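Asks: From first to last, the protein sequence lines stand for chains D and F. Be aware that the first sequence starts at 1, since it is given in this note's numbering, and climbs by one per residue. Be aware that the second sequence starts at 1, since it is given in this note's numbering, and climbs by one per residue.
I should point out that these hints are in silico values taken from the structure, not numbers from a laboratory. Please read these numbers as outputs of a predicted model, since none were measured by experiment. Idealized CB from N, CA, C, for every residue including glycine. Treat the hints loosely; a few may be bogus.
Label-pair distances were calculated between CB atoms; the ranges are [claimed, not checked]:
id: 1; chain 1: F; residue 1: A327; chain 2: D; residue 2: A79; range: 50 to 58 Å
id: 2; chain 1: D; residue 1: P131; chain 2: F; residue 2: Q271; range: 53 to 61 Å
id: 3; chain 1: D; residue 1: T418; chain 2: F; residue 2: V296; range: 31 to 39 Å
id: 4; chain 1: D; residue 1: A370; chain 2: F; residue 2: D306; range: 24 to 32 Å
id: 5; chain 1: D; residue 1: P117; chain 2: F; residue 2: Y147; range: 24 to 32 Å
id: 6; chain 1: F; residue 1: Y147; chain 2: D; residue 2: D126; range: 47 to 55 Å
id: 7; chain 1: F; residue 1: R299; chain 2: D; residue 2: D451; range: 26 to 34 Å
id: 8; chain 1: D; residue 1: A370; chain 2: F; residue 2: L332; range: 29 to 37 Å
Pairs of lysine-lysine, DSS-like flavour, derived with a Cα cap of 27 Å [unchecked claim]:
id: 9; chain 1: F; residue 1: K141; chain 2: D; residue 2: K422
id: 10; chain 1: D; residue 1: K271; chain 2: F; residue 2: K120
id: 11; chain 1: F; residue 1: K481; chain 2: D; residue 2: K271
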Amino acid sequence: MLSTLHPPRSLSRFPRYTLCTLTAQSSPSTTPPPHSQILSIRRALLSRQVTTTQLAESYLTRLRLTEPHLKSFLHVSDAVSQQAHCLDGKIARNEEVGPLAGVLVGVKDNICTVDMPSTGGSRVLDGYRPPFDATAVRKIKELGGIVVGKTNLDEFGMGSTTEASAFQVTANPWDVSRVPGGSSGGSAAAVSARQCVVSLGSDTGGSVRQPASFCGVVGLKPTYGRVSRYGLMAYASSLDVIGCFGSSVADTGILLRVISGHDRLDATSSKREVPDFASQFASINLLESKPLKGLRVGLIRQTLDDGVDSGVVSLIRGAASHLEELGCSVTEISLPSFSLGLPAYYVLASSESSSNLSRYDGVRYGNQAAVDELNSLYGDSRAKGFGPEVKRRILMGTYALSAGYYDAYYKRAQQVRTLVRKSFKAALDQNDILVSPAAPSAAYKIGEKKDDPLAMYAGDIMTVNVNLAGLPALVLPCGFVEGGVAGLPVGIQMIGAAFDEVLKILIAIDILI
Amino acid sequence: MIASTFFRSIQNHHLLLYPTALFRRKNGVLYCTMKSTEAQTATQEKEKPQPKIPHRSQTRTIDKISKDYEAVIGIETHVQLNTLTKAFCSCPYNYGSPPNTSICPICMGLPGALPVLNSKVIQCAVKVGLALNCKLSLNSKFDRKQYFYPDLPKGYQISQFDVPIATGGYLDLDLPVDLNRAGVPLLEIVSEPDMRTGIEASEYAAELQRLVRYLGVSNGNMQEGSLRCDVNVSVRPIGQSQFGTKVEIKNLNSFSSMGRAIDFEISRQVQLHSQGQGDLIAQETRLWEEGAQKTVTMRKKEGLSDYRYFPEPDLPGVILTKAYVDAIRDSLPEAPEMKRRRYEKMGLSMQDVLFLANDINVAQFFDETIAKGADVKLAANWIMGDIAAYMKNEKLTISEIKLVPQELAELIASIKGGTISGKIGKEILFGLLAKGGTVKGLIEEKDLVQIVDPLEIEKMVDKVLAENPKQLEQYRGGKTKLQGFFAGQVMKVSKGKANPGLLNKILVERLNAKS
């Protein structure tokens, strides 16, 4: 079933073949790792088969063509051509270029960029331009990547559909009447529609993985602490991570390698060494018939229960048998604390957000209400600046942290978090990876859950536990269910042990697709 | 945001109880401290009119307290740490920089910016914690304290709430008006409500100031706001275990005003109590008015604030290793208390002890002088006498004078050994204070070696007697008071260098010789 990944059929009108052709033409003597656009681009550029300018132009053309339907970008950079030109000069002069040279990267708008607006999808930061780049963005730029623009999101990452953006609603490239998922819906849709090569998202409770599933792309949520959060507008600091979207596992892996590592500006970033795994990707041609022999896979029983779309369940089970065929030993495992994760997540994330969003008071930056009195300045700036979902979570979080309620909500949720962490640890001691759907269903209609926040929250059940446990997880397409124009993609989630993104998940899985 | 440590534990009581040893000599100690306090804040206090305090009525009221009422005083002290950078970013902090010149995305609380703890803050907190005999907890964490204020950029302070670095305390953050000060690390030391009088409270604060200066964690200047004290005062009838309604006093700019403010507030509250109007004492913040010498209502307490504390997710827990704490403990300088004990054992009077140990720099000067072999009592006398007077006149600190401990020791030895007279010694001292140099150099330069050769002195005596026959006749005629005149004349001839003892001995011999 994993091999049933198709290019987005509804987007066949987009010139995806450009890159395929490039790949086919470049260095035929060596076998490239499968489906890495980043590596293909590099080869094509260094062998002078294409210029960065041509490459950038083909993406920008496609972006201009698709953007009116998708609305995945809040801002498109006007410096792409100039940066491409600059890179072409370097290549022509045989100067060293970074591993992301010529790679167009979309950046979620809650990640700060110095030369572009960064609004977090919120009216309260309309027009705000940060004076610094997020560490992840800085690293991408330093290694030759070109930031193509800022992608749409649910305001400050709070939402699962990208409908909570203050500025626009992004559509799913597979069916423009459907949501792309969220909150990183813009980044997922942009990669899905090949508006850019890879993109950055953020994942607090599933905001990279669920839209990756909805849009049929690969989404990687790293271990908490693997990537610096400096420059990521905080939603829930103990859960937030910057994640990667790509059209292949290899691409997300290469991007992850670029943005990972300790950052002295983020005290929670890990000092662990970042392994260079890009060199470890193997071509499928070189592998034996059971390449995943010995890999222990745990299928989480609670994620295939009632309430999960039957089409999704059968795709996941199908993917599991495919894994078995490839040599894995698959067993069904139980995580008793699984269902507790969702309420615990919403208590903790809302609590932290109520604090993190206090800084948007209209005093120093962003939109300021025109009033004379201080309390009205706060009140009006925030009342006008924040959307309803953000207000709902600030209120929930403020309530949960209030004197007299703290023990019943925040403290209890922290206890659940410890339970969740322990049960994942135990399961990952027995298994190399755990497997579940990325979402209970495929993409649903725009507006379908807009007035039913609880139904939307319930959709996060598959992903929030992973954030509570701080673990890495990868979502990749594993098939289609009926719906939309020609079927809707469904993603499978693979969860690894902390800081084990590389060996257990990425490499193992990349050889599958 | 300002980091602060809250020591509410009884361990800290130790510090308050330290004066119990001193209470036996209550007057000397407490008054001496008050003196040094006034000196330290003199510049500030001069700017304000200082009307005389109506001592009598206050004394009377306080007398009454001792019978019927008991005051309960607790102090919150904010000590601004002299780290080179702010608590959570690498912005330098200098007092008095133009507004908003020392800021960055982090202390401005821009979206996406994260705090990273300056390890020096922990170091300072550990130092103070150890010096206050607190029990340190090796695992602690930070929490957020939430409220809105225009110059609180993030809408919360980072503090330590329930797992303090020192037992019973927490780290806290505060917000000043100018963002330059946003993020300046500040230690908050909160006392138990153990104190009973204004003078006891101001002594507590003065001791804290000495301590942070000794430790080198803060300059402790009240004028710059580096040391700020907020005082809580309540009174209750003697024997009642429940506390009375608590009033907070702010704007205490010196230790002496703290003492006066507290005593005023105690008498105000006691008067209300004794007039049966105890319920008029409101839980409020009162401002000390230096001019009027009274406290006035600043703001009434608007119910209890809910700061919604929760663990700070941006900062990992603070884990102190035993080795780290031990290293700091080993490097701690001698605390003021230890220094006083040591000076006491050297045989110095309590007055000397308090003077010398009050200022770390003076104490170091003294210690270095005696380390060079100087007589303890003589060194103390020189420092407290002529040197202190010179510093006062010239408005210099002991670090700014040209005299070095080595030379003071040399000077004392030269006098003791008879090389120079005490009078010449003073002359040399002022030379050393103003211009520096060495005792030996000055003695040689000015040819000031004392004349101890009896023959030489005899010659000078004879010369003087010969030149003043009239006075000699009067002397021999019974006017023996003229001995002083002759002594002066001889000293003049010797240019002050004659050994006075020898001079007088020879002079008397000669005067009485032919009669």
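Asks: Could you tell me which of the numbered hints above are not met by this structure, giving the numbers in increasing order?
Replies: The structure conflicts with hints 3, 6, 7, 8, 11, although it agrees with all the remaining ones.
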